[in-house]
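Asker: Sequence:
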Amino acid sequence: MKYVLIFLLSLFILGCSGNDELPDIAADTGERQMYEEAQRYMRTKNFDLSVRSLEMLESRYPFGKYAEQAQLELIYAHYGAYEHEAAVEAADRFIRLHPQHPSVDYAYYMKGLAAYTSGQDILSRFLPTDETLRDTNHAKEAFAEFAQLISRFPDSPFAADAKARMVHLRNLLARQEINVANYYFRRGAYLAAANRGRYVVENFQRTPAVSDGLAVMAQGYILLGLDDLAQDAIDVLALNYPSHPSLDDEGNYRSVYTLDGLQRSWINKATFGLFDPPRPPQFNNRPKI
1 MKYVLIFLLS LFILGCSGND ELPDIAADTG ERQMYEEAQR YMRTKNFDLS
51 VRSLEMLESR YPFGKYAEQA QLELIYAHYG AYEHEAAVEA ADRFIRLHPQ
101 HPSVDYAYYM KGLAAYTSGQ DILSRFLPTD ETLRDTNHAK EAFAEFAQLI
151 SRFPDSPFAA DAKARMVHLR NLLARQEINV ANYYFRRGAY LAAANRGRYV
201 VENFQRTPAV SDGLAVMAQG YILLGLDDLA QDAIDVLALN YPSHPSLDDE
251 GNYRSVYTLD GLQRSWINKA TFGLFDPPRP PQFNNRPKI
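Take the sequence shown: its letters are residues 1 to 289, numbered as in the working numbering.
Read the hints as simulated data drawn from the structure, not as lab findings. Just so you know, not all the hints are guaranteed correct.
Ranges between beta-carbon positions, derived for each pair [stated by the list, open to error]:
#, residue 1, residue 2, range
1, 206, 30, 30 to 36 Å
2, 227, 188, 50 to 56 Å
3, 243, 167, 19 to 25 Å
4, 36, 100, 23 to 29 Å
With a straight-line cut-off of 20 Å between C-alpha atoms, the simulated SDA-like cross-links for lysine to any residue are [as the list claims (entries may be wrong)]:
#, residue 1, residue 2
5, 45, 98
6, 140, 101
7, 140, 167
8, 163, 182
9, 163, 179
10, 45, 84
11, 45, 82
12, 163, 184
For glycine and all other residues, C-beta sits at the position ideal for the given N, C-alpha and C.
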């Protein structure tokens, strides 16, 4: 794994060291020629040069035949160059200047895509990462942008994909709540963990995280000594998700944690807690979304 990281970082550094320069464009270069050159950069996925070409086109011909199209395509050029915030700004600008444009729904759609991917770092482009551990703000922003697209343009060709992405984002947000509950378990904040589980059950119905939300509630209430509330959560879990990993074959909840503390191995005891610390209750057992 170490060598893979070194290799990828080397590729990134080499890519950054390459200085793609925009060829000099004569002052009398026509608008169409400049637009076609920008299109060529887009086709070859040279998005950095595409951005600069489109910006130069708009600067030289702000009221020309291709000005509006250049503004629209600049959104994707920024997105392709991983300039996500710039893509959002370009989309906002296009929507503000051309609210009645026949392709304005595309600008709303790209705002959603750019808002979501703006939370990714450099390595996440190349390496698989757990999306549920990322900051929730970008996912919430993307969800809101896609919802706005569907509300304003229900018949848009981008509506179906936006709906699918909203389902994905909702699953991510639910799973992130379970991750927060796991953090609270590690901190010994059992009531806060149980409340997170309840929040998932009440606000993220029909997501894969609901069963884990019930298990979180059961575990939290058990650790708090609230046996009746724990049993209520277990009953609902066993009725609706009988194959959940926290249940045995008879539907009984398998809790190995008590208020007296987590189970400790002999290594942990022999080293006075320095090694092999006990693992707190966790419920990250859903398949990756």
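Asker: For the pair supplied as a hint, residue 140 and residue 101, is the alpha-carbon distance within the 20 Å limit?
Answerer: violated, 27 Å
Asker: Is the straight-line distance between the alpha-carbon of residue 163 and that of residue 184 20 Å or less?
Answerer: violated, 32 Å
Asker: Please verify whether residue 163 and residue 179 have alpha carbons no more than 20 Å apart.
Answerer: violated, 24 Å
Asker: Between the beta carbons of residue 243 and residue 167, is the distance compatible with 19 to 25 Å?
Answerer: holds, 22 Å
Asker: Please work out if residue 45 and residue 84 have their alpha carbons no farther apart than 20 Å.
Answerer: holds, 16 Å
Asker: Measure nothing beyond the straight line between the CA atoms of residue 45 and residue 82; if it is 20 Å or shorter, mark the hint as holding.
Answerer: Measuring from Cα to Cα gives roughly 12 Å; hence the hint holds.
Asker: Check the following: the C-beta atoms of residue 36 and residue 100 are separated by a distance inside 23 to 29 Å.
Answerer: holds, 27 Å
Asker: Are the Cα atoms of residue 140 and residue 167 separated by 20 Å or less?
Answerer: holds, 12 Å
Asker: Compare the distance between the alpha carbons of residue 45 and residue 98 with 20 Å, and conclude whether the hinted pair is satisfied.
Answerer: Violated - the C-alpha atoms of residue 98 and residue 45 are around 26 Å apart, more than 20 Å.
Asker: Go ahead and decide if the range 50 to 56 Å is satisfied by the Cβ distance of residue 227 to residue 188.
Answerer: About 19 Å separates the Cβ atoms of residue 227 and residue 188, which means 50 to 56 Å is violated.
Asker: Return holds or violated for the Cβ distance of residue 206 and residue 30 against the range 30 to 36 Å.
Answerer: Distance hint for residue 206, residue 30 is violated at roughly 55 Å.
Asker: With the threshold set at 20 Å, check whether the alpha-carbon distance from residue 163 to residue 182 stays at or below it.
Answerer: The given pair, whose Cα atoms are some 29 Å apart, is violated under the 20 Å limit.
The structure shown violates the earlier hints numbered 1, 2, 5, 6, 8, 9, 12.
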